[in-house]
Every structure is written in structure tokens, then in C-alpha cells.
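Read off the chains here:
Protein chains: 2
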Amino acid sequence: MSQARNYSKKREAVLEAVRSTKCHPGARWIYEQVKPKLPDISLGTVYRNIKVCREEGLLASVGVVNNEERFDGIVEPHQHAICTKCGSIMDVESAAPAGQPSLNGFAVDNRRTVFYGVCAKCSGQKKGFKGFGRLVGRFGKN
Amino acid sequence: MSQARNYSKKREAVLEAVRSTKCHPGARWIYEQVKPKLPDISLGTVYRNIKVCREEGLLASVGVVNNEERFDGIVEPHQHAICTKCGSIMDVESAAPAGQPSLNGFAVDNRRTVFYGVCAKCSGQKKGFKGFGRLVGRFGKN
DNA sequence: TCAAAAATAAGAATCATTCTTGTTTTTAAG
DNA sequence: CTTAAAAACAAGAATGATTCTTATTTTTGA
Chain A
0 MSQARNYSKK REAVLEAVRS TKCHPGARWI YEQVKPKLPD ISLGTVYRNI KVCREEGLLA
60 SVGVVNNEER FDGIVEPHQH AICTKCGSIM DVESAAPAGQ PSLNGFAVDN RRTVFYGVCA
120 KCSGQKKGFK GFGRLVGRFG KN
Chain B
0 MSQARNYSKK REAVLEAVRS TKCHPGARWI YEQVKPKLPD ISLGTVYRNI KVCREEGLLA
60 SVGVVNNEER FDGIVEPHQH AICTKCGSIM DVESAAPAGQ PSLNGFAVDN RRTVFYGVCA
120 KCSGQKKGFK GFGRLVGRFG KN
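Protein sequences appear in the order of chains A and B.
Everything in the first sequence is counted per numbering that gives the first Met the number 0, starting at 0 for the first residue and increasing by one.
Everything in the second sequence is counted per numbering that gives the first Met the number 0, starting at 0 for the first residue and increasing by one.
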């Protein structure tokens, strides 16, 4: 859906590309997604519009994986799991952490929790693989 | 202190440089730290030895700040606060999170929580500055 | 209608990191 | 003590994501 602000067609397309997927893409992926629809878009425009959208709070960074920054169209606070084998990023459903605390004068604006591990696809390359001593169940209160 | 393994002088120096500080340095800082003592060390050697030490579990990555990866000689799980103005990284004391959970077959090896905000030095540029609606007090159970 | 502001394309510049090549040092066996 | 293989290394090239620059096009508002 569009924002209140009057966005250019290209900016809308960048934003929509991120919102359309759960893969938490990087700039290159977004560019390749938008390119067929708007063939004269440049990678620089993608970067610039990611930046604008982040400044407006419409996109959030999830972190850097393999030297590439990854983004999320869901800006409500939640957590992520990153597979250290394939680099995929998944949402983690769990109780939202409490309000932002402060420590020794450090004013917290935001927090990010990331779980690192091996995704089902990567660890399940052998059927019935049970390594890593994983626990099963829902996350607690973080 | 030295490790069981027989490390080269340069590798020891890289490891020691990270361990000697609380600033959670990047490769360049480490290089500049070691260079005066071992003038014929190269930046490539710093990178390679960071990598080796990480593989051996002697160093950990804290994350990427301003496009630079930052490291920590304290590998026991703990959390960090990153100042979005100056890029400084501080340790956060708080209750250690519970054991690693699993989600839909994702085997968690490790988790990382980072608090983003403005450090006392940056926010305190005016005495008595009280912006950012900060709370004061210790962190809860995360 | 027109001037200023915003958005853009194209490609150069930056810069952290990795890789390559050839050399030096260490190790271990004989 | 040799010596050959392995490990560590320096120097600098290569890579690749991101940012910056410049000139152009589009949008906006008076």
C-alpha cells in the first residue's frame, strides 16, 4: 500500500519489493526485482530510496550477512534468525521485549536480537539429522 | 595470556590487542595497535589471524558498525550497546539469556542482542540534556 | 510559464575485506 | 645436523557493496 507522502514510482517500487517478500532482501535483490518492471532504474536509486525509506521509518535494517546489508518491510519490533550456512533470514515470533531501558546514561532507542544457527533446510540435508542439540518449543520471554 | 596452541608472535599480538581493550575494535585499529611493536606486520595478517582466532573461539564478532566489523576478546555470551552517533560499543551487564531454543527446525547456536542508542558522551554534550525519553535503571531479564 | 527543488542515471570513487603470489619461518622426520 | 613439507607471512592486486559526483530529467508551486 502507498504512503501518505507522494512517492515517485521508483521509490514506491523499491518499498513494495521489500514489503512483498519475507526473504529480508539486500539492495541487489531489490534492484533485480524492480528492474524488469522499471528497466531504467539504477542501483544507485535503489540505495538512495532504501535510505529515504529508512529515514521515514518505512524500512528497517536487519543486519549484515556476508557483507551485504539486509532489509525488512516490517518495522514493528521483532526478532530474526539467521542461518550461518545459507544466509537466509527468518522472522522469529516471540514476546516483544519490554520498553527501552537505559544504562549509565546510554539512551536506548532500539534493540535487536538475532539468533544465529542452521536453518531446517541446511541442517536437514540428511533426513532425520538431529545434530546441534536443538531444543524444541516456543521462545520464552526472550 | 597465551593459549595452549603454539601461536606465532604476530598471532599472539593480534589476540592480545583485542583482549587488552574494551573498545571492541575493528581490524584497522588492531593493525595500528600492533604495528609499532611488530613493524613488519601486514593488514592481511591481522585479518587472517582474526579469522583463525574466531575459528578457535578465542575472538567473537560483535557486529558491523559503519561498514567495519568489530571484535571482542570476551567470548562468554553477553550483550552490547552501540552508539549510533559515534559508533562506540559498550558491554551491557544483564542476566544471561536462557539456553538456546529452536524454532521450526532452526537450530540456534548463538544469539546476539544489541541495543542501539546514544551514548552518554554523545547525548551529554549539553550538561543536563534529557532528551530521548530515557529510562534509568538496570535492565530486567532482557 | 518558469525557476527552484527533487529525483534520477551513469559511472567513478571509496573502502573494508579477501585473494594471489612468492618468500620466509617453523616443524618433524630421518 | 639436514631437509622437505607445512604454516605463516608481506605486498599488493582483486572484489564487491556502498557512496559520491555530475549532468540530466521530472516535479512542484508560485
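Hints should not be assumed to be uniformly reliable.
[What the hints assert, rightly or not] One-sided excerpt, in silico: chain B residues whose CB lies under 8 Å from chain A:
(1) Ala26
(2) Asn109
(3) Tyr115
[Claimed, not checked] Output of the computed footprint for chain B on chain A, the stretches with three or more beta carbons under 8 Å from beta carbons of chain B:
(4) 27-41
(5) 104-116
These aren't lab readings, by the way, just hints derived from the structure by calculation.
Keep in mind the model is a prediction, meaning the values are calculated, not measured.
All C-beta atoms, glycine included, are put in the ideal place defined by N, C-alpha and C.
To see whether the hints hold, each was checked on the structure:
Of the supplied interface hints, the one on Ala26 (chain B) is violated, with its beta-carbon coming no nearer than about 13 Å to a beta-carbon of chain A, more than 8 Å. At its closest, the beta carbon of Asn109 (chain B) sits 4 Å from a beta carbon of chain A; the interface hint therefore holds under the 8 Å criterion. Checking Tyr115 (chain B) against chain A by beta carbon gives a least distance of about 4 Å; that is within 8 Å, so the hint holds. Taking a C-beta to C-beta cut-off of 8 Å, the segment 27-41 of chain A contributes 0 residues in contact with chain B, too few for the three needed, and the coverage statement is violated.
For the segment 104-116 of chain A, the stated coverage by chain B holds: 13 residues have a C-beta nearer than 8 Å to a C-beta of that chain, and at least 3 were required.
The structure is inconsistent with the numbered hints 1 and 4, although it conforms to all the rest.
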